[in-house]
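All chains should be modelled from the sequences, with the hints used to inform the complete structure.
Listed below are the residues making up each chain.
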Amino acid sequence: MRRGRDGGAQDGREGFEMTQSNDKPEKPMQRARTGDSAPSGGLSREATIKIGQQLRAMYDEVVKEGVPDRFNDLLKRLDGDDKGGGKGPHS
Amino acid sequence: MSLDNATRDSILAAIPNLRAFGISLTGNVDRADDLVQETILRALKNIDSFEPGTNMSAWLFTILRNLFRSEYRKRKREVEDATGMYADSLKSQPEQATRLEFEELRAALEKLPDDQREAVILVGASGFSYEEAAAICGCAVGTIKSRVNRARNRLAEIMSIDDLDDLGPDRQTRAVLTADRG
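Chains as they are written, first to last, in this note's numbering: chain A, 1065 to 1155; chain B, 34 to 215.
Hints are supplied without guarantee of correctness; some may be wrong.
Claimed, not checked - Once the Cα atoms are required to be at most 27 Å apart in a straight line, the calculated DSS-like pairs of lysine-lysine come out as:
#1 1114(A) to 1128(A)
#2 1114(A) to 144(B)
#3 1128(A) to 144(B)
#4 1140(A) to 1128(A)
#5 78(B) to 1140(A)
The hints are simulated quantities; they were obtained by calculation from the structure and are not laboratory data.
So this is what it looks like as structure tokens:
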């Protein structure tokens, strides 16, 4: 599938910004379904970078919250299931 | 069931990212957290099928993604009333300008087909390679690339991001900043 034409950066995150001309439909069906009229030419580099930044910023806002108690408790409870008692997170 | 420490630690380590992915998919923190919880339960039930030494995070993402596809999508997406909810429910309240940007982006993501949304999040925000994202979504690498491209183009279109916008804060942000001052 890679025909050695696309000057490197086929993988990894930076590829996110490098592959905009690769816009061929995967399957005719899929294309019809998404009703995508294959935006011509792709985005400017600035626009691409900006979208990436916004996506990451939004995502990282959640990541920054860490692990809510709910999940710590859940794992503790699950871990305790066969250690007797098993009910109710302790400590 | 007893968890060995390594397993528990790698699950814990993946949770913040799983939540972020879940919120991106569902647009709703509570539903996302339910989804993450189901993911963990499912993972532990099937822990034997996890190959030690492989990427636990990618494995969990795969489970979450499949749960979302099979169950959550069946339920009608009830997110129309959720405007503002996403940012409101974050513990650390982003500042106003950022909040507006997030809401705009969230609304735009909402309009994407599921396959494009998951692709652009996995590659653009979660930081998976195209290969990893393809494995998570069970499709070819080229398919993921194409979906990411389309998603990005649609997002730009919906949010009116274009070449005009390459000078510092965008119009909306500037508008907010100005309004705040007045």
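Item checked: Structure versus earlier hints, numbers of those that do not hold, lowest first -> none
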